[in-house]
Every structure is written in C-alpha cells, then in structure tokens.
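Read off the chains here:
2 protein chains.
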Amino acid sequence: MHAAPIEELIEQFESLPGIGRRSAERIAFHILEKMPREAVVKMTERIREAKEKIVLCSVCQNLTQEDPCKICSSEKRDRSVICVVESPEDVTAIENTGEYKGLYHVLHGALSPMEGITPDDIKINELLLRLNDGEVKEVIMATNPTVNGTATAVYISRLLQPLGVKVTRIAHGIPVGSDLEYADKITLIKAIEGRQLI
Amino acid sequence: MHAAPIEELIEQFESLPGIGRRSAERIAFHILEKMPREAVVKMTERIREAKEKIVLCSVCQNLTQEDPCKICSSEKRDRSVICVVESPEDVTAIENTGEYKGLYHVLHGALSPMEGITPDDIKINELLLRLNDGEVKEVIMATNPTVNGTATAVYISRLLQPLGVKVTRIAHGIPVGSDLEYADKITLIKAIEGRQLI
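Chains as they are written, first to last, in this note's numbering: chain A, 27 to 224; chain B, 27 to 224.
Everything labelled a hint here was simulated from the structure, so no lab data went into it. Note that the coordinates shown come from a computational prediction; the quantities given were computed from them, not determined experimentally. Hints are not guaranteed to be accurate.
Which copy? The list can't say, so a pair holds if one copy fits it or any two copies do.
Each computed DSSO-like pair below joins lysine-lysine, with the alpha-carbon atoms no more than 27 angstroms apart [stated by the list, open to error]:
| no. | residue 1 | residue 2 |
| --- | --- | --- |
| 1 | Lys79 | Lys68 |
| 2 | Lys79 | Lys216 |
| 3 | Lys60 | Lys96 |
| 4 | Lys192 | Lys79 |
| 5 | Lys211 | Lys68 |
| 6 | Lys163 | Lys211 |
| 7 | Lys60 | Lys216 |
| 8 | Lys211 | Lys60 |
| 9 | Lys216 | Lys96 |
| 10 | Lys60 | Lys149 |
| 11 | Lys192 | Lys60 |
| 12 | Lys211 | Lys149 |
| 13 | Lys192 | Lys68 |
| 14 | Lys68 | Lys127 |
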C-alpha cells in the first residue's frame with residue numbers, strides 16, 4: 027500500500043534485529059515526516075563511517091578502530107589470561123564491571139550443529155595461534171550458558187588440554203539481588219553444585 | 027567505553043522512536059559484526075533515496091512520491107468528503123480497511139498547548155484552502171481520541187462552522203471483538219452515549 031521508496035525503507039529497518047513490521051513503519055515515517063534532510067544525511071554518513079572505520083582486531087578479533095585494539099595493546103592488562111566470549115557486546119559487559127584485567131578473545135558466535143556453524147566458522151583458530159608462545163596461563167570460557175555456548179566451551183577446553191593451558195568456566199548460579207524462588211531449575215542445580223565455603 | 031564511531035552509530039539509532047539504548051547497541055553491533063559492507067551501503071542509499079523522493083502532497087499533505095498523490099488525483103474517489111487525520115500512518119490504517127472512498131487531509135500532528143503546538147504548526151490552513159470551492163460537503167475528524175486529538179477536532183469544527191460544511195467525528199466505543207468488561211471507563215461512557223438503534 028505504501029509508495030515503493032517508503033516500502034523499501036520499511037524493509038531495511040525490518041531486517042535489523044529486534045525490529046518488527048510496526049516498529050519499522052514507525053521509524054520510516056519518523057524519518058520521512060519528522061527528520062530534517064540534513065539529519066538524515068548525517069545519520070547515513072555515520073552508519074557508513076562506522077562500517078568503514080571499525081575492523082576486527084587481528085589479535086583478539088574484537089571490533090576496534092585501531093589494530094591491535096586498545097585492550098590488546100595496553101601495558102596495564104594481564105597478558106597471562108584470556109577471557110573467551112561469543113560477541114563484542116560480551117566484552118563491553120565484562121569491561122563495564124571494571125574488575126577484569128586480562129585479555130579477551132571474541133569468537134563471533136558459538137558452535138551450532140543445528141545452524142551448521144562449525145569450528146571453522148568461528149574464531150577458534152585465531153585463539154589457538156595466540157597460545158603458541160606460552161605466555162598465556164589461563165583461558166576463561168565465558169561463552170553463554172546455553173547449549174551452544176556450553177558445547178563451544180567444552181570443545182575449546184578439549185582442544186587446549188594438550189597445550190597445558192588451564193581452562194576455566196565462569197560460574198553459573200543465582201544472579202545477585204534476585205530471588206531464589208524464581209530461579210529456574212538448572213540454574214538452581216548449578217548454584218548448589220558450585221557452592222563455596224563462606 | 028565504545029570506540030567513537032561505534033558510539034556515534036549507537037546514538038543515531040537511539041534517536042529513533044521506540045529504540046532504547048540496548049536495542050540501539052544490538053543494531054549497531056549487528057551492522058558492524060554481521061552485515062556485509064554492500065548491505066550497509068545499500069541500506070544507507072535506500073534511506074537517502076526515500077528521503078529525497080518522498081514529498082508532501084500539495085493537496086492533502088500526505089507523504090507521496092508523485093504530487094498530487096495517487097488518492098488526490100484518483101477519479102474514483104468521492105471528492106465531497108475529506109477525512110482529517112494526524113499522521114500518514116492513519117491514512118494507511120484507514121486505506122487498509124478498503125471501505126472509505128473519500129479524500130484525506132494529514133495535519134502532521136495535533137494541537138498541544140503543553141508542547142507549544144499551535145494551529146500554525148499543523149496543516150490547518152492547507153485544509154481551509156481546500157474548502158474554498160464548495161465541492162466538499164463533509165469533513166470527518168479522525169484525529170486520535172486523546173486530549174490533544176479531541177481538542178484539535180473541536181477547534182477545526184468551530185473554524186469550519188461559518189463555511190457551511192458538515193463536520194463529523196469518528197465514533198468512539200468498544201473495539202469490535204474485545205470484551206466489554208476490559209474497556210476503560212471513558213470508552214464505556216462514549217459507547218453508551220453513542221448508542222444506536224438496532
């Protein structure tokens with residue numbers, strides 16, 4: 027029912043994660059009805075600039091403007107430990123805690139037989155190459171506590187066993203500040219299994 | 027915490043309606059991590075093209091690729107009735123019913139003393155100019171059933187009284203298929219006030 031350029035605009039936004047048809051329409055009409063022409067030009071330039079300037083760090087594979095990235099090139103970071111995550115957003119989340127001082131490795135996904143994602147499709151090889159010089163003593167598997175994330179953690183830990191690197195998994199349990207009675211069964215089991223001395 | 031181009035990308039999406047910080051981050055990382063460069067270029071071109079090609083119809087003020095728009099220039103539409111709405115999306119909604127055969131007028135907003143939106147800020151003058159030749163017999167006020175939408179309907183109906191044009195308001199009542207007990211008080215009052223003979 028919309029004119030072709032409006033329809034194409036809606037489709038572009040509908041293809042982004044978390045945006046349905048109604049939201050895409052709302053955004054398209056906002057751009058056409060409310061945004062000044064210059065603001066639209068500026069928006070499209072910002073999108074292209076970001077896509078051009080942001081690359082993968084050749085060491086940790088995180089998104090970065092400089093290669094190697096700030097974390098990989100920082101002298102303040104503990105180079106003996108690498109935290110392996112699925113996505114760049116996970117790095118942001120851990121960095122925001124301000125507590126972790128080691129390095130990272132971004133896999134850009136997790137193994138998934140169902141979706142046909144094999145070890146060659148994620149950045150596992152790049153991780154192995156980083157362990158060659160023996161500087162790294164511990165690899166923390168911080169992939170998501172999902173079936174795919176856990177399978178990926180197990181797969182990588184087996185790969186690393188012959189290298190003599192300690193491989194650990196982040197703890198699963200009851201989130202701090204939440205109510206025990208609302209925790210799901212698996213989380214509760216993990217919390218009890220992972221109990222520690224006070 | 028993000029590199030400047032990533033932060034600017036997130037801010038662009040955060041400025042769109044219905045997108046919060048987390049959704050904007052998710053979209054930005056999707057663009058940087060998952061979308062091929064060509065798809066990003068295509069997306070920005072589609073946005074600019076739509077903004078360049080889509081203008082306001084000089085008659086009804088709806089968004090259109092041709093001026094006058096298809097509805098205003100159609101010989102199949104009833105030119106004696108104009109349905110006044112707040113936004114282009116309202117036109118789409120009414121057109122989707124397939125029942126209304128008259129013309130439209132898009133105000134691009136509603137009067138709002140709180141937000142400082144006066145009659146000069148919306149397309150009221152353009153509506154008055156359409157009533158000059160006496161062809162229009164009825165104006166249907168289909169602004170939203172909100173305080174601002176109702177105030178706008180009342181304001182315009184008073185403006186049109188001296189012109190001898192019939193001004194009507196769309197009916198408010200219980201939505202078809204919904205449950206009476208869940209209707210809010212005001213809607214229920216409107217539904218009883220607007221009762222009709224069976």
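How do Lys79 and Lys216 come out at 27 angstroms by Cα distance, when the copy is not named: within, between, both, or neither? Classified as neither: same-chain Cα gap 42 angstroms, cross-chain 57 angstroms, threshold 27 angstroms.
Go through the copies and call it for Lys60 and Lys96: within, between, both or neither, with a Cα cutoff of 27 angstroms. between (39 angstroms within a copy, 22 angstroms between copies)
Between the shortest in-copy and the shortest cross-copy C-alpha distance, which are at most 27 angstroms for Lys79 and Lys68: within, between, both, or neither? both (16 angstroms within a copy, 17 angstroms between copies)
Checking Lys216 and Lys96: alpha-carbon separation at most 27 angstroms within a copy, between copies, both or neither? Neither: 35 angstroms inside a copy, 62 angstroms across copies.
Is the C-alpha distance from Lys60 to Lys216 at most 27 angstroms within one copy, between copies, in both cases, or in neither? neither (51 angstroms within a copy, 33 angstroms between copies)
Tell me, please, which holds for Lys192 and Lys79 at an alpha-carbon limit of 27 angstroms: within, between, both or neither? neither (36 angstroms within a copy, 60 angstroms between copies)
Pop the pair Lys192 and Lys60 into one bin, within, between, both or neither, using alpha-carbon distances up to 27 angstroms. Classified as neither: same-chain Cα gap 56 angstroms, cross-chain 31 angstroms, threshold 27 angstroms.
Using 27 angstroms as the alpha carbon limit, work out where Lys211 and Lys149 are close: within a copy, between copies, both or neither. Close neither inside one copy (32 angstroms) nor across copies (58 angstroms); limit 27 angstroms.
Quick one: Lys60 to Lys149, C-alpha cut-off 27 angstroms, is that within a copy, between copies, both, or neither? between (42 angstroms within a copy, 14 angstroms between copies)
For Lys211 and Lys68, with the copy left unspecified, which applies at a CA distance of at most 27 angstroms: within, between, both, or neither? neither (49 angstroms within a copy, 46 angstroms between copies)
Go through the copies and call it for Lys163 and Lys211: within, between, both or neither, with a Cα cutoff of 27 angstroms. For Lys163 and Lys211, neither the intra-copy (34 angstroms) nor the inter-copy (67 angstroms) Cα distance is at most 27 angstroms.
27 angstroms Cα cut-off: does Lys68 pair with Lys127 within a copy, between copies, both or neither? neither (37 angstroms within a copy, 40 angstroms between copies)
Hint check: violations occur at hints 2, 4, 5, 6, 7, 8, 9, 11, 12, 13, 14; the rest are consistent with the structure.
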